[in-house]
Amino acid sequence: MRPDLLRFAFWLSRDRALAEDVVQESMLRAWKAQDSLLDEAAAKPWFLTIIRREYARTFERKRFPTVDVDELVAAEDPELSAAQDQDLAELRAALFKLPLEYREPLVLQVLMGYSTAEIARELDLSNAAALTRLFRARKQLRALCGEDTRLDPEE
Amino acid sequence: MMDCTQFRRALLADPRDASAELAAHRATCHDCSQFAEQLMRFEARLERALRVDAPDASIRHVRRVFEHRGWLAIAASVLVAIVVAGSLWLAVPGRTLAADVVTHMAGEPEAWQTTDVPVPGSDLGAVLSNSHLRLKPDVGVVSYAQSCLFRGHHVPHLVVQTAAGPVTVMVLVHEPVHMTTQFDENGYRGVIVPAPGHGSLAVLTRGEATDPKTVDEIAARVQNAIIWTDGAN
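Note that the protein sequences, when read in sequence, are chains A and B. Under my numbering, the first residue of the first sequence carries the number 1, and numbering increases by one thereafter. Under my numbering, the first residue of the second sequence carries the number 156, and numbering increases by one thereafter.
Hints may be right or wrong, so weigh each one.
What the hints assert, rightly or not - Simulated restraints on C-beta separations:
(1) Asp87(A) to His333(B): 37 to 43 Å
(2) Ala117(A) to Ala178(B): 16 to 22 Å
(3) Gln34(A) to Val296(B): 54 to 60 Å
(4) Thr49(A) to Gln301(B): 40 to 46 Å
(5) Gln301(B) to Arg53(A): 33 to 39 Å
(6) Ala17(A) to His333(B): 34 to 40 Å
(7) Thr49(A) to Arg306(B): 27 to 33 Å
(8) Glu154(A) to His333(B): 28 to 34 Å
Stated by the list, open to error - Which chain A residues face chain B? A few, computed with CB under 10 Å, are given here:
(9) Pro99
(10) Leu100
(11) Glu101
In case anyone wonders, no lab produced these hints; they're calculated from the structure. Just so you know, even glycine gets a beta-carbon here, dropped at the ideal spot from N, CA and C.
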């Protein structure tokens, strides 16, 4: 299974088990709907759209408890220790705190390599709105991480 | 003409935006140039933070599914996963070039010795000639030269001794890039620069001794010292 698909689902849901379920169910749906994929070059956005819809469906079906960011970071700790990079723990904690409307376009851009136009299309936004969300995402993230934001522009 | 606020807003929205307007402003504004450097370092950390360990998760998941479903359901799930993931393999972007370079470095710690003993000229010549290039003598002492397998190709892996310590250079003729990318992760600080017509160059230092500006200067010096012998510009 391609790791980036799981990573995308993980950053949507902030929950490993849920991400695995979403990807698994998405693969089944993709298999059943394979005839709707007319252009192989469009496979990536097609599959990511299925994952996003499956996540939304799962979210509607279940009521999730309030997320505790400290618990989320602690759950990732063994891997971070293995990587000997605690700096990433702070960054992941900040990502967990970022609202979904900012986290999702950021993940699409940085992790999945989407262009602004592709993000706008996927999230049903204008290009300007997508850029605004990306701007706010990084601005908030940098502030949460304690970065030097003196040169950051105001809203 | 773009002002500083517009530049920084645009860069925070898309740090990899390579538009001429952004490049022109960056070249003339010291503060914005510093801002861009700081942001690219943050971006490298962000990318690393997003790459949570996924393969283990899928193994755990298969195990969990195994406990709750029968063999038939598992076989069907695995078959579907293999077929769909296989068909998507080429469509989804993989690891970044910088991450792969850093991973490769971690596997060759012996290359980082500080020394003034150059690698034998015949060894260096053999490594370089495979990739159709030579180095001008003024690049400095080349203390390590190996032809390494990287992303399916044998590429020159060199260590050049500089005033800032040993610097690793990988000549990635099969990895074209469109813009310079700085990275700072896992104790390695470096830059990947385009080598028009010849892929790209990865230049790395280790530890905190060198700042990003020094890395850029070393990369420029190495690039100037390369003579391509395949006739391409």
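Taking the beta carbons of Glu154(A) and His333(B), is their distance inside 28 to 34 Å? holds (31 Å)
Range first: 37 to 43 Å. Now tell me if the beta carbons of Asp87(A) and His333(B) are that far apart. Since the Cβ atoms of Asp87(A) and His333(B) sit about 28 Å apart, the hinted range of 37 to 43 Å is violated.
Could you see if the CB distance from Ala17(A) to His333(B) stays within 34 to 40 Å? holds (39 Å)
Whether the CB-CB distance between Gln301(B) and Arg53(A) falls inside 33 to 39 Å: Violated, since Gln301(B) and Arg53(A) (Cβ atoms, about 48 Å apart) do not stay within the stated range.
If you check the beta carbons of Thr49(A) and Gln301(B), does the distance land in 40 to 46 Å? Since the Cβ atoms of Thr49(A) and Gln301(B) sit about 44 Å apart, the hinted range of 40 to 46 Å holds.
Has the hinted range 54 to 60 Å been met by the Cβ atoms of Gln34(A) and Val296(B)? holds (58 Å)
Is the hinted range of 27 to 33 Å satisfied by the C-beta distance from Thr49(A) to Arg306(B)? holds (29 Å)
How about Pro99(A): closest beta carbon in chain B under 10 Å, or not? violated (16 Å)
Can we keep the Glu101(A) interface hint, with Cβ of chain B closer than 10 Å? Hint on Glu101(A): violated, closest Cβ of chain B at ~15 Å, above 10 Å.
That 16 to 22 Å hint for Ala117(A) and Ala178(B) (C-beta), does it hold up? holds (20 Å)
Against chain B, with CB atoms and a cut of 10 Å, does the hint on Leu100(A) hold up? Since chain B brings no Cβ nearer than about 15 Å to Leu100(A), farther than 10 Å, the hint is violated.
When each numbered hint is compared with the structure, violations occur for hints 1, 5, 9, 10 and 11.
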